[in-house]
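Asks: Once you've looked at the hints, dock chains R, D and W against the given chain A.
Here's the letter readout for the chains.
Protein chains: 4
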Amino acid sequence: MIISMKLHATREEIEAVCERIREFGYKVHTIQGEERVVIGAVGVGDVTPCLESLQGMPGVENAMRISAPYKFVSREFKSERSRIKVNGLEIGGADFVVMAGPCSVESEQQIMQTAEAVARLGGRILRGGAFKPRTSPYDFQGLEVEGLKLLRKAKEATGLAIITEVMSDRDVDLVAEYADILQIGARNMQNFALLKALGRVKRPVLLKRGMSSTLRELLMSAEYIVAAGNPNVILCERGIRTFETATRNTCDLTAVAVLHEMTHLPVVVDPSHATGKRSLVPPLSRAAVAVGADGLLVEVHPCPDKAVSDGAQSLTLEQFATMMQDLAPYLNIWKQARAAEK
Amino acid sequence: MIISMKLHATREEIEAVCERIREFGYKVHTIQGEERVVIGAVGVGDVTPCLESLQGMPGVENAMRISAPYKFVSREFKSERSRIKVNGLEIGGADFVVMAGPCSVESEQQIMQTAEAVARLGGRILRGGAFKPRTSPYDFQGLEVEGLKLLRKAKEATGLAIITEVMSDRDVDLVAEYADILQIGARNMQNFALLKALGRVKRPVLLKRGMSSTLRELLMSAEYIVAAGNPNVILCERGIRTFETATRNTCDLTAVAVLHEMTHLPVVVDPSHATGKRSLVPPLSRAAVAVGADGLLVEVHPCPDKAVSDGAQSLTLEQFATMMQDLAPYLNIWKQARAAEK
Amino acid sequence: MIISMKLHATREEIEAVCERIREFGYKVHTIQGEERVVIGAVGVGDVTPCLESLQGMPGVENAMRISAPYKFVSREFKSERSRIKVNGLEIGGADFVVMAGPCSVESEQQIMQTAEAVARLGGRILRGGAFKPRTSPYDFQGLEVEGLKLLRKAKEATGLAIITEVMSDRDVDLVAEYADILQIGARNMQNFALLKALGRVKRPVLLKRGMSSTLRELLMSAEYIVAAGNPNVILCERGIRTFETATRNTCDLTAVAVLHEMTHLPVVVDPSHATGKRSLVPPLSRAAVAVGADGLLVEVHPCPDKAVSDGAQSLTLEQFATMMQDLAPYLNIWKQARAAEK
Amino acid sequence: MIISMKLHATREEIEAVCERIREFGYKVHTIQGEERVVIGAVGVGDVTPCLESLQGMPGVENAMRISAPYKFVSREFKSERSRIKVNGLEIGGADFVVMAGPCSVESEQQIMQTAEAVARLGGRILRGGAFKPRTSPYDFQGLEVEGLKLLRKAKEATGLAIITEVMSDRDVDLVAEYADILQIGARNMQNFALLKALGRVKRPVLLKRGMSSTLRELLMSAEYIVAAGNPNVILCERGIRTFETATRNTCDLTAVAVLHEMTHLPVVVDPSHATGKRSLVPPLSRAAVAVGADGLLVEVHPCPDKAVSDGAQSLTLEQFATMMQDLAPYLNIWKQARAAEK
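As they're listed, the protein sequences go chains A, R, D and W. Under the working numbering, the first residue of the first sequence carries the number 1, and numbering increases by one thereafter. Under the working numbering, the first residue of the second sequence carries the number 343, and numbering increases by one thereafter. Under the working numbering, the first residue of the third sequence carries the number 685, and numbering increases by one thereafter. Under the working numbering, the first residue of the fourth sequence carries the number 1027, and numbering increases by one thereafter.
What the hints contain is simulated information worked out from the structure, not anything from laboratory work.
Taking lysine to any residue pairs in the SDA-like style, the calculated list, with each CA pair at most 25 Å apart, reads: (1) W:K1332 <-> D:P733; (2) A:K27 <-> D:M748; (3) D:K769 <-> D:A1012; (4) A:K85 <-> A:R75; (5) A:K78 <-> D:Q716; (6) W:K1181 <-> W:P1328; (7) A:K78 <-> D:I698; (8) A:K78 <-> A:E341; (9) D:K755 <-> W:T1161; (10) R:K420 <-> A:S136.
Remember, it's a predicted structure, so these values are computed and weren't measured experimentally.
The shape of chain A in the complex, shown without the other chains:
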């Protein structure tokens, strides 16, 4: 912790700050600058309470934390990449994972037809929403348990693993019965009751970045899950909210590279929600591979114009096939680079 005092801070104010730091159990180092005094506090343990206490004290200009507030998810804590095993894949390791499927599970025919195509075209994990977070109470809210059962049927028919969203701590156990990966939506990234519940199950979790969450906050939410006992967290960049309206969200693709410096957890990209527009999904997917993401989460629908949700951003099965073909040379370079790491 570094505390910089105001230009005209008095001797008493400075001494009170030092005293407060000592009360919290830290050691004090004072630097007398030409213009102002800067105080360093050294010690172990979470500094948040001390930091918040100091911020409002008289004479304090600014109090900053130096160490990252997360531990288990930090690259400093564990330097090699985490590999999360799902359905024979090593996500975060040597395998690039493509998770594809419709926004919502709508019917048996829809999910079976999609699953068959995803499996045939190289996908390994089927996505599909049974519980749907919708902005409007009047929009389709998902088939719920019925949807979960259809996903299981598709899994049995194709051998694909299943990723699907859970929206409440109440439903975690239920969804975990059906899903191979539990998906947490952007709007729930800081639903702390839900995060704690996820720490108590064994299933891997895909945690989406909130629409206005910093990477630090994303890692803090991952830390909630890991600290509660579940180390298998996959992070997902799905676009952030900015002033630009030409796309649904602004995909922060650089975040993938930054996260790989900050954490050992795998990072995948959702180009469908990031753009909101079908034609932009293939170029963004290529860029996600090139920037070093560990996988993609893509919306695919046999008939997007008739989808009950997110039709405009879903690829048709034909478009998905073309995209997978175009991705192939990029995936080759990706694999060589990943192999060269070891």
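Replies: For chains R, D and W alone, kept in the frame of chain A given last:
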């Protein structure tokens, strides 16, 4: 709904769009411009599914909704202000409400001392967190049920009503036993499982705007609660996230005036979270009164420097007293203006 | 300057950083924490070059500046408010200033009619654009010199002082012949060639905050003008760009209070550009007075629906009259507070 | 133009709007919906004045433009890609262009050494700032004419073309004597005096997107230059300002794909300013190639730690060599895709 076609859209593409609109049960009006065709769709009911279906169709440039997607909370639905009765006050009506108290309930002494001062200085509702949403799993998470019991004790001693946060649909019934108003935090504004549960209780709800939520989304979340059976919703502006880092958030004070045009629900302002800094709370509170807000939600603590959370933005009891005094002439103008409305 | 080293920074990396700091002429203070090393650099003069040099060095986690990078405009440099004298007013002192008028000067009749009303209703400064920054090359670009001459005519007829925009360093001398205050638009806040030219004239300058500029950057731009020789700078909050689209911009009203802590320069608010909507101008103006602004810059037009620019946000003369009347009790409180300061 | 009326708009209000539209020379089409009236206005020419006039009229809910406000730069105006010839390259056509060099020209040795390396490693255009836009008046402002002369010397020695920034309409002719491409910085994207001056020279212009500019505004600024007579405009994505502070800016890489749908102009990416951090430049550069950008603008310095500006984001010559090598397989795929287009 208005659909504008691309400049070079073919006759077939235009016809397909018209056909799709008719399938959804709407009537079609085509406008042939000098450059492009624009199609209007007229009818009743939620247009979202039709809109999403059209957005991805070939030849479509853009598909826009014209009517607001919310109903019950709209000012067009109900033109007079909603008045929510709590503890003898008419929030949204003739009474300006001051809700004050600590970020977290910490101890009996802390909450009793604060409650006594709030009651004495003109506050009518005591705030205090028992369940705390914290960015870090290592931060203080609240006294939970113990905290609720201390709030009840403070209520009995002072006659203040209680507002406190609920974080999970699991806890709604429990918290409703103790609280006069249920508070929903910014991070849970789109926790739809929670919103639905709030529709089933009788208690008024204070719904905070999400850090990156538009006013339209805020109203959609309020609509969830109202549509599920609970009309007593108070909206709260608490600052949004922008690029500026000089304050913790950017308080969108104009939103109060905009919301009053869009909805009949009351709107209060939280100057403490909006600024993150004690010295900025009084000027922002004055501005909130002047812009026409229905109330304030302010953090006050007997000893902010020793608070377990949000100390830097909490007023001392003395500062709160001074602020209430300075607000008095503004509240007089407010009351005259509100009385003149009728 | 504080430099925090990475967790596993080597002894050599730390030593290289210390050596670099010494090369730039600063003294080194090293703090050995439990986890990492933090280095303080102490000395005088602008630290930017040293900071930038250190940021990329091996083993460096982060290098932060402690002292503000501006000097002359800082409240630490000069603690009492700056008062800028225009037309008998002390802007920043005991007088609240209302500057009003049309977005663009359009015709003699329009500007004379407006000026007469502004003068009669209590405004002291007439605004009106002769050189117009327009997003589109096909929009009206202003009457240029002809507009300046009309402003002079209005000044002679009413005794109002004139504020008008200058867009290029080429035009500074020309505009300074006609204007009492030179206005710099948000899009030119970091037009450094223009800022330097403004430092060489005697006229007061009203500097608008850029749409995505931090307060620190706004002050740095003011510092350009002051450092070049012109101390008479008025700052203007006119709304920043955020994700919210319900208003044209998001007015950061708290910025007024923050700026008053950071600088001695006066701060005015432009509620017209901040909201983009006529009905929101009066409530936001009241809030601006209450938060402690030094003045308002308001768009007023005798017939806004026929204005060539910004009609939707301009008040009619009648609306302006009503607003001025409603502001009166707030201005009384403002004046008492300002008088009590001394 | 589409005007949607309020729910309770009166017959008189609707008729007044129709009348106003006809005054502006457009035809009126009225759609009577179940809930409200929507009015379409059809005709040719710029609708901005009419739109602004309507927005504030009584009974109007919203007035929206349907056609894009730009013409010459639109893909609808010219469907094939523009190719801009510089130094034997076809930017926007079959050639991917790498422009590299230091942020600032500092000395003969520095620029010659960099130029030699850029030329040897496959760059074709040398970047280097002689006029520098700096946030602080106390930072290095560039060598100005002396810097331009050093760039010419480097050009003569290596055969590289030169790109360098121009900051004022005053300097356009001077810089055009030395530069093969005139660079416009993000802070000047809406310096309209400068844009108009650029329309009058023959040199290609590289126009950087403003920090908070929408793609539509970027295209409007390009339209200024093209409409004034200079069709050779290259657009540049360099990161936008968002709430995230982990990177200097947020690179909106999807914007490249969106711009390619909206316009025929070439689009390059500046990964150095977008990230602000050296280690992120290579992954982002790979992603820029994969997303389909027409080129890169990269900061390279023989000794970044001693650079007078932007050292933290500059690559060393060795790092640039490695990056160019790693980019090679991506550039092969890029060239095949571009060739397949024809």
